[in-house]
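Visitor: Sequence:
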Amino acid sequence: MRLIAAIISFVIAFAMIAFGIAQRTVFAEPDNITASAVTTSAAPVTLIDSSTLRSVPGRQGIDVSGADNVFAAYGRTEDVLAWVGKASYNTLSYDPARVRLVSKLVKGEEATVPDPHNSDLWLDEYSRARGLNFTVNVPDGITVILISDGTQPAPTHVSIRWPLDNRTPWSGPLIVGGVLLLAVGIALYLWELAYLRRVRGPQRKTPKMPKVPKQKGYKQPRRPKPATTTGRRSARRMVAVVPVLLIGTLSLSGCSTDLCPEFMGGSSAST
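Read in order, the letters of the sequence shown correspond to residues 5 to 275 in the numbering used here.
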């Protein structure tokens, strides 16, 4: 019974561990959603308003490339439109069905804009050669502006990233539970092995041999009597006792009153 329980524990434990790992690897959802667009117009400015940036909840990561010099800034929508003035510009909107950005050209009377660097209208600005990426979290009423140098076309490649919650809350408990169940299965298996080793061997009693029937006229020989102590063993004992008695007798006789008068209380012989 313990062996069956151990096998079932192994199967369930491996299934739990495999499913917990698969949730983080094979079945894991993407950690972000990305929408991109490529502009082909010669407008010097590209604008991304807050409605586009906030199409998906979360912070917005913006990647810009496609020009020798890339400048990006964000500020209030009114200030940005006032700075652009009558120049042509591109607007980007989000298409959730196709998960992409859609570019639209707004024509103006001018083809250039002033140098955008260090303007008081920007809340923050970024600039870098050939490519730029930054992260913002704009509220409503804020617009991001993308420019090359004011005279060249705006950067052509623009993408926006939104983070997604791909956490797997059951992955950890499944893996931990599978490991604990695996330990229980191993303990049951070792317990069963110890039990089988303890009870291994013959389980029945050895049958007794049948008694041979006595034949008529057959007398069982008498058992020999145990040897008496009058043999060599008794002689050896006597040989060992005799010297002891002889030494004791000589000692007592040597300590008589005749030989030791001063210590035994005797008197010396008269002259």
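Wrong hints could be hidden among the right ones.
With a Cα cut of at most 20 Å, we get these calculated SDA-like pairs of lysine to any residue [stated by the list, open to error]: (1) Lys-90 x Trp-126; (2) Lys-90 x Arg-28; (3) Lys-111 x Asn-170; (4) Lys-111 x Asn-36; (5) Lys-111 x Thr-81; (6) Lys-111 x Gly-154; (7) Lys-90 x Ser-107; (8) Lys-111 x Glu-82.
No wet-lab data here; the hints were simulated from the structure. Being a predicted model, the structure only gives us computed values, none of them experimental.
Visitor: Each hint should be assessed against the structure and marked as holding or not.
Guide: Checked hints:
no.	hint	verdict
1	Lys-90 x Trp-126	holds (19 Å)
2	Lys-90 x Arg-28	violated (52 Å)
3	Lys-111 x Asn-170	violated (41 Å)
4	Lys-111 x Asn-36	violated (34 Å)
5	Lys-111 x Thr-81	holds (18 Å)
6	Lys-111 x Gly-154	holds (16 Å)
7	Lys-90 x Ser-107	holds (19 Å)
8	Lys-111 x Glu-82	holds (18 Å)
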